[in-house]
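K.L.:
Just need the whole structure built from these sequences, with the hints factored in.
Here is what each chain is made of, one letter per residue.
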Amino acid sequence: MTQPRADQNLVSDRGLAHLPEGLFEQRAAEIAALMRARKARVVPEGTGARWQEEIISREIPAGASVLDLGCGDGFLLERLMRERDVRGQGVEIDPEQVLSCADRGVPVIQADLGTGIGWCPDKAFDVVVLEETLQTLQNPREMLDEMLRVGRRGIVSFPNFAHYRVVVDLAARSRMPVTERLPFYWYESANIHLLTLRDLLDWASSSGVRIVSGYALVDGVPRELRADDDLVAEEVLVVVERG
Amino acid sequence: MELELGGRIGPVDVEYETYGTLSPRKDNVVFVAHALSGDAHVAGWDEETERNGRAWRKRKPGWWDAIVGPGKAIDTHRYFVICPNVLGSCYGTTGPSSTDPATGKPYGLAFPMVTVGDWVKLHARLLDALGVARVAAVVGGSLGGQQALEMALAFPDRVERAVVLAAAARLSTQGLAFNAVGRYCILNDPNFRGGDYYGPDSGPDTGLAAARMLAHITYLSDEGMHEKFGRRLQSAGEQRAGFGIEFAVESYLDYQGRAFVERFDANSYLYITRAMDYYDAAATWGGGSLIEACRRVRARALVVTFDSDWLYTPGDCKDLALALARTGVGVTFANIPSRFGHDSFLVETQKVGRLLRGFLTH
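Order-wise, the sequence lines are chains A and B. With my numbering, letter number 76 in the first sequence gets 76, and the count goes up by one each step, no holes. With my numbering, letter number 333 in the second sequence gets 576, and the count goes up by one each step, no holes.
Be careful, since some hints might not be right.
Covered stretches of chain B (in silico footprint by chain A; criterion: 3 or more residues with CB under 8 Å from a CB of chain A, positions within the stretch not fixed) [to be verified]:
(1) 571–580
(2) 590–599
Here are the simulated distance ranges between beta carbons [unchecked claim]:
(3) D85/A to D308/B: 31 to 41 Å
(4) H605/B to H193/A: 26 to 36 Å
(5) E96/A to R474/B: 27 to 37 Å
If you are wondering where the hints come from, they were derived from the structure by calculation, not from laboratory data. Here a beta-carbon is modelled for each residue, glycine too, at the ideal position from N, C-alpha and C.
P.N.:
Below, the structure written as structure tokens:
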């Protein structure tokens, strides 16, 4: 799994010379413009909390079977089971969270996703959810493959590491970004495989995976994903299918 | 009744206890299965100890009193709890100490070999007799957990929920080995006399006590024993350099052995540990494949293990949970951090209670 990137020369000074003339300046200007435009913008506190769950419950057909990988306290599955008559199954590593799932009547298997989900048969679920989990995994690529092996559809959400505030934080402070959506110092963050919207799209196109629909959280407000959301999407949610 | 390993037995008595009230629709039954040394007396204080001669029950309420009762996790205001003694038991259900109608004397080793499958078939007949078509849940720990699993496998349409605590689809090799040593102690006690010891002379008390002491070690964990006893000496004075009871842990085991002899029959111990050895859900129902076997199950399942349990290990319990999860009925598997070893299912009542409450009410 440690294949070098084909375009690794980009990270060397020699590689930087190969960047199209003016591209970096153009990006920097876009980011500066975004900063100016958004400086005065007041985003009400708490906006966008659990925004994925609104969208997921719209995306999941009534009566579907749903596997939630890294289901936490079972909040999403309980809602889906109640509102959408879903047959739910969660997987969660934390014993305290497992007890919370049990309180809610959400079936949950206490397990480390790092050990895989080989126990689960092919296409056993209509939908498999990886909500804010992918970037915490030791083996995200394998888990994405597994998601589409055991599920007909996958739903993946994650914080976009290319969001302009993250980029600015890194460029301006020379420290690993600590933002509202990534609120941890590097040494205590569970996010060990941070990725960007573009990374996810690259994975999809190189793996024969189709994006069925996509959403972005922009300024605390969820909306449909657009082609140029690289810098403004704080978080991304995509619904994916094989082929 | 026909038996799984051949032969028949009859007539069979079943002693059972119930708690709560059976609903008019008979849909609120929680069937509790007891473990190796347990009995039907699940909760509360036995008021008939004088009449039934079970004086040891004066010391303690039922074995799962913290879980079963009014307002408790298995709430007897809501559920009708049934718990029978297993076939081969020494607590009222027909066993080796019961009278063999063929001879007019106790069965002893003439008692036929019985299995977990036989127990569950008998339990189903008890349910028939009570007019209960389907249980809301079958719940058990250890050997009781295997009965819960077996009921879900043998009678898939009669079980809505199955709760398996500290138990796997079969006993490990190490577990088989411990049971073998326990039986060796009993079988080689000079007072065992081929199992025919029910006369006025004393029975294989030393062997039974040794078997219990050994088994008791497997119910605890090293960490738990260290914490409870350490290397503490029994008497505050100095070490006596003899072979009496020196350490606190020796005194504890000695007490466990004596208390057990007072309340348990050695032949029952032989038969029940053998049933425990033989139980193998994958072999019986799946041609050796646990996944195949679990395809039969229609019940929603709760499987709970404890991280310090080395008799039914977390790994073996998880294998069962994952095989059940493949059926898609919805499975909860929890691995509770605890230092109480296999006994955790009796001791960690707060967490077990919380899991049970959530599982039963949804």
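K.L.:
Work down the list of hints and note, for each, if the structure agrees.
P.N.:
Comparing the hints with the structure gives:
1. 571–580: holds (count 9)
2. 590–599: holds (count 3)
3. D85/A to D308/B: 31 to 41 Å: holds, 39 Å
4. H605/B to H193/A: 26 to 36 Å: Cβ of H605/B to Cβ of H193/A: about 34 Å, so the range 26 to 36 Å holds.
5. E96/A to R474/B: 27 to 37 Å: holds, 34 Å
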